[in-house]
Amino acid sequence: MSDANLTEVEVIKATSRHLRGTLEDGLSDPLTGAVADSDTHVSKFHGIYQQDNRDIRSERKRQKLEPAYSFMIRARIPGGLLTTSQWLGLDRIATEHANQTIRLTTRQAIQYHGVVKRDLKKTVAEINQAALDTIAACGDVNRNVMAPPLPGLSSIHREVQRQAEALSEHLMPKSRAYHEIWLDGDKIESSKTDVEPIYGDTYLPRKFKAAFVVPPQNDVDVFSQDLGFITIVKDGLILGFNVSVGGGMGMTHGETDTYPRLGDVLGFIRPDEVLAVAEAVVTIQRDFGDRTNRKHARLKYTIEDRGVDWFRAEVERRSGVIFDEPEKYAFAANGDTYGWQRDDVGAWHYGLFVENGRVGDFDDRRMLSGLRAIAQQHSTEFRLTPNQNLIIGKVAEKDKADIDALLVEYGIENSAHASPLRLNSMACVAFPTCGLAMAESERYLPTLIDKLDAALKRHGLGEEPITIRMTGCPNGCARPYIAEIGLVGKGPGRYTLFLGAGFAGGRLGAPYLDNANEEEVLGALSPLFERFARERLEGEHFGDFLVRSGVVREITAGRHIHDG
Amino acid sequence: MSGLPAGVLPLDEEQTNSLQSAVAGLTAQQLQWASGYVAGLAASSKQIIPIGSNERSIAAIAHADEKNLTVLYGSQTGNGEQIASQLVRRASRAGFAATAVSLADFKPANLKRESLVTFVISTHGEGDPPDDAELFHEFLLSKKAPELTSLEYSVLALGDSSYVNFCQTGHELDARLAELGAERLSALVECDLDYDADATEWVDRIVSQLPHLLGVRESLAIPALRAVDAVSTFNKSNPFPAEVLINQKITGCDSSKDVRHIELSLEGSGLSYEPGDSLAVIARNPPQLVAELLDELALDGETLVSVRDQDFRLTDALTSELEITVITLGFLRDWAALSGNAELASMLQASEPTVLGLFLENHQVIDVVRLYPAEVAAQAFVGMLRFLSPRSYSISSSQDANPDEVHLSVAAVRYEALGHEHWGSASTYLADRLEEGDTVSVYVERNSRFRLPDEDVPIIMIGPGTGIAPFRAFVEQRAEKGSAGDNWLFFGDRNFDSDFLYQLEWQRYLKRGILTRLDVAFSRDQRQKIYVQDRIRENSKELFRWLEGGAVLYVCGDARRMAGDVNDALIDVLVKEGGLDTEAAAERLKVLRGEGRYQRDVY
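Residue numbers (my numbering), protein chains in the order written: chain A, 133 to 696; chain B, 1189 to 1791.
What the hints contain is simulated information worked out from the structure, not anything from laboratory work. Here the structure is a predicted model, which is why all the values come from computation and not from measurement. Here a beta-carbon is modelled for each residue, glycine too, at the ideal position from N, C-alpha and C. Warning: the hint list may mix true and false statements.
Said to hold, decoys possible - Ranges of calculated distance between the beta carbons of each label pair, as one might list FRET restraints: (1) A/Asp-496 - B/Glu-1549: 31 to 39 Å; (2) B/Asp-1620 - A/Thr-154: 42 to 50 Å; (3) A/Lys-319 - B/Arg-1700: 29 to 37 Å; (4) B/Arg-1393 - A/Lys-319: 53 to 61 Å.
To be verified - EDC-like, lysine to aspartate or glutamate: derived pairs with alpha carbons at most 16 Å apart: (5) A/Lys-193 - B/Glu-1326; (6) A/Lys-196 - B/Asp-1442; (7) A/Lys-193 - B/Asp-1293; (8) A/Lys-249 - B/Asp-1713; (9) A/Lys-427 - A/Asp-437; (10) A/Lys-193 - B/Asp-1319; (11) B/Lys-1437 - A/Glu-198; (12) B/Lys-1699 - A/Asp-475; (13) A/Lys-196 - B/Asp-1769; (14) B/Lys-1699 - A/Asp-437; (15) A/Lys-196 - B/Asp-1713; (16) A/Lys-193 - B/Glu-1322; (17) A/Lys-324 - A/Glu-312; (18) A/Lys-306 - A/Asp-326; (19) A/Lys-196 - B/Glu-1322; (20) B/Lys-1437 - A/Glu-191; (21) B/Lys-1699 - A/Glu-198; (22) A/Lys-196 - B/Asp-1319; (23) A/Lys-193 - B/Glu-1693; (24) A/Lys-254 - B/Glu-1693; (25) A/Lys-196 - B/Glu-1451; (26) A/Lys-532 - A/Asp-475; (27) A/Lys-196 - B/Asp-1446.
Start from the sequences, fold in the hints, and give me the full structure.
Here is the structure:
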């Protein structure tokens, strides 16, 4: 690979002086609400995305005003574990600097939207004061490490959480740029330079995602991750992990050499081998990932191009860890668990449905205020789930009734608005803030679900759990390709419909309709619901049924997704 | 010139001979001027007045001599730019002048100055143009688009055939250009996602045509010179009915203000103006205000009244003949006499002039009628009112950059007072009651006391709010002329997000190096208010250095507070940096005023 072929982003990384760029100059320029174009790439490594309000983009151009720039800030929260005092800090920041909402992400993080440039530094500083940070929440590095929030298997869960935090720490960029720019940390002496022992000067070719999972719940969608650790438990103890590599969701419409891919299981390792294996996977991707084409730069293509066997051997060579045969495991579902659950030490946890992860006060559903009241009065821990929901954790038996009452008072209890389809739904943010969106997502999915619920009810399927996920573009933030009904935005009001994915995240869906509008989507699904109700086997899920009955192809590998 | 080529020009032998003898002995520069002069004659039936300086004619010729290929591109991804650069590279290698320009940076009105343009344009969503071509696309498809009979073009359309309206924007462009009289060099080429082969073929074809297109035509090039206008017949007593081309709100949706950018057509008027001049607008009062006034007075709008010996319906008189948004002392006296109101009478007799002054400033006719009710006959009421006078607005465009247009920047005056909605007369007439395509009566008001200096002299412009208007004209003019002088602008308003008037234009001027400095003050973005005068003080050292370097100072905008505050700040600058005491500094500013180095257009 010659330097001439490197992507623009590679050049920006290489000249950014370990993620400094010209961000400080850009922050102090009063003539624009934006930062320099090149710095929009640098800022991602600090967890900050420049966006603009696309609803008024064209209006602003007519008004001879620049786009209404604002910033999305994403916090790094390994395993989605927050103390309630951290939550209260996040709540205050949302109210003072952002758009009065907190957006729970599909990776157990939170993000703010609508922070203007002049408030940016203050906001990042306040996030740090809340004992959180935003380092590496975006960018070509290891992103927020996921871990199951499910408290049912508590001692196992606590150990997995510890592993996730250790991995997150180990793969953090070491540059001091973040502290210099956002926290007024001392500047590095000009003669010295930061050293990135794992990443090197140009970090990774593309984003990198890692997660831990505890079967049978596949809530983190482990096969969608670049690197996954499937916890193997025996007699109440963690035996080790099956390691999965090469998952990833993103593709580009019309480019068949891009595709979503599910990870391959390399083999089994012991708990004390996690960091060595993870570091090897990251450095292989650092050295072999494609830096000439960002659409072909994820780990999944490195593995697809060179083969799983080569990759396993290279990991073993670099880490000194020899994989054992994978242990047996089975997944039941990739959704969340709702309502009250009790853990092994007797504490209660309430799985709260948060539609599309948007926590705010909307009419009579005042979730931001409700969670504030709960955090102030009763709970000590909130957990963000991989499906954009929230668990009110560690509630004492005596406080349960109070929390139930508060949930009702603020109009946010689960039964208030959620069918099984809705409880198994996810949507990415898309319009108006996401620069990649081609179609609506978060603002549209709820009304589509109303209509699908009506169709399901007509066919006696009102209580049937079916996963449905929507994204505004094919990059797949809400993991639509592993939902039984996946809708991927293509243009205003137009979606590619994917069907036939596995309920537990083990099989990709196949494209069923291209560029379809709502009428076409409903027109296609209603007869399929009818057939499903009539012909399904006992306990059979919708996606499995569609594949068995030949309505859609079985996708055995991501590279075949465009074959039909 | 070695003899004219026979058979090429439509002249007979005698005409050819007399033309040759007329130009015999002229220098090259004189010949160039003459060619422009003759072209101007051809281009216009209007009276031709030779310009004193040769500057303009030579500039026009230089422009025409730059005969080249312009490649305009617009696409959401980098694909369009890449193909455009490919074409430019290939053309340059073949020895032709070619430039690629993003449609975002191309002024649509300049299309008529081009002779050979190729377009690379994509289509998005349901047949929409790419963001960067949106305004160009809208302009071209609008009735504002000029005739393009001297343009030759070709369109390469990018698209995704999985969408219904494949390459629609390209097709729209292609058809519209033909409709405007441009000549299509080759049929539109559609490119799908895999555009490489089709695009390369198109580039090959264009490049192979260049020797014919640029080479041959160059030898016959007729330099175009804009004819110098005869003195216009339109003036105050005979205002020109100008068509509204654009009436665009330029404050953002969250703004507390409604500022309009208004473009009017001067085509066919013969009106000319210079940066610094104002445009007078014959306004009409808000119909709702007239209706409310009639209601308060219990008068019938159909009643005939006489104004300046002409009969009008009362409604019409109050709408277009008489002042009702401003009260005069005369009116107040008449009304006090009529109503016999003691409070009003005592205010008029009060020795405190400020009380009366404030009352006059803050009230409209209808407020007086509401506060001090009285019965009045229609004709008697009309007799109390002043004739409606034209309102003047600083022109915010350069005529050199926009030959047939004049632009205004108008803040619509609407406010709540005394429990009722209030409106300004002309500002709401322009903002609310004129749609694109309507006409408004206007004439030019010269302002020779607010003029750009010589082109190499630096200028400092201080124009908060709509005080920015003449400075838009100044900078546009200096950009158009390529003037060497540095330009420093101070602007202020309430909020950065919504009130940064002409933000995109200033950003572009800064990028191009035309605007040297821009300092802004947004008063309501932080707890303590910041104004332009604060920025002047913060930059005292640099500002003093500019003044020492001969810079001319300009202030435009609010006379009541801003102009004084800015003057105080300038005094502070001279005290701090120039070692003067306050009195001497104030005196120095007066001298600068006298020398024309400190010019103000405040109101």
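Checked hints:
no.	hint	verdict
1	A/Asp-496 - B/Glu-1549: 31 to 39 Å	violated (48 Å)
2	B/Asp-1620 - A/Thr-154: 42 to 50 Å	holds (44 Å)
3	A/Lys-319 - B/Arg-1700: 29 to 37 Å	holds (33 Å)
4	B/Arg-1393 - A/Lys-319: 53 to 61 Å	holds (56 Å)
5	A/Lys-193 - B/Glu-1326	holds (12 Å)
6	A/Lys-196 - B/Asp-1442	holds (15 Å)
7	A/Lys-193 - B/Asp-1293	holds (12 Å)
8	A/Lys-249 - B/Asp-1713	holds (12 Å)
9	A/Lys-427 - A/Asp-437	holds (14 Å)
10	A/Lys-193 - B/Asp-1319	holds (9 Å)
11	B/Lys-1437 - A/Glu-198	holds (14 Å)
12	B/Lys-1699 - A/Asp-475	violated (62 Å)
13	A/Lys-196 - B/Asp-1769	violated (43 Å)
14	B/Lys-1699 - A/Asp-437	violated (44 Å)
15	A/Lys-196 - B/Asp-1713	violated (20 Å)
16	A/Lys-193 - B/Glu-1322	holds (9 Å)
17	A/Lys-324 - A/Glu-312	holds (14 Å)
18	A/Lys-306 - A/Asp-326	holds (7 Å)
19	A/Lys-196 - B/Glu-1322	holds (13 Å)
20	B/Lys-1437 - A/Glu-191	holds (9 Å)
21	B/Lys-1699 - A/Glu-198	holds (14 Å)
22	A/Lys-196 - B/Asp-1319	holds (14 Å)
23	A/Lys-193 - B/Glu-1693	holds (11 Å)
24	A/Lys-254 - B/Glu-1693	violated (30 Å)
25	A/Lys-196 - B/Glu-1451	holds (14 Å)
26	A/Lys-532 - A/Asp-475	holds (14 Å)
27	A/Lys-196 - B/Asp-1446	holds (14 Å)
Against the hints set out earlier in the document, violations occur for numbers 1, 12, 13, 14, 15, 24.
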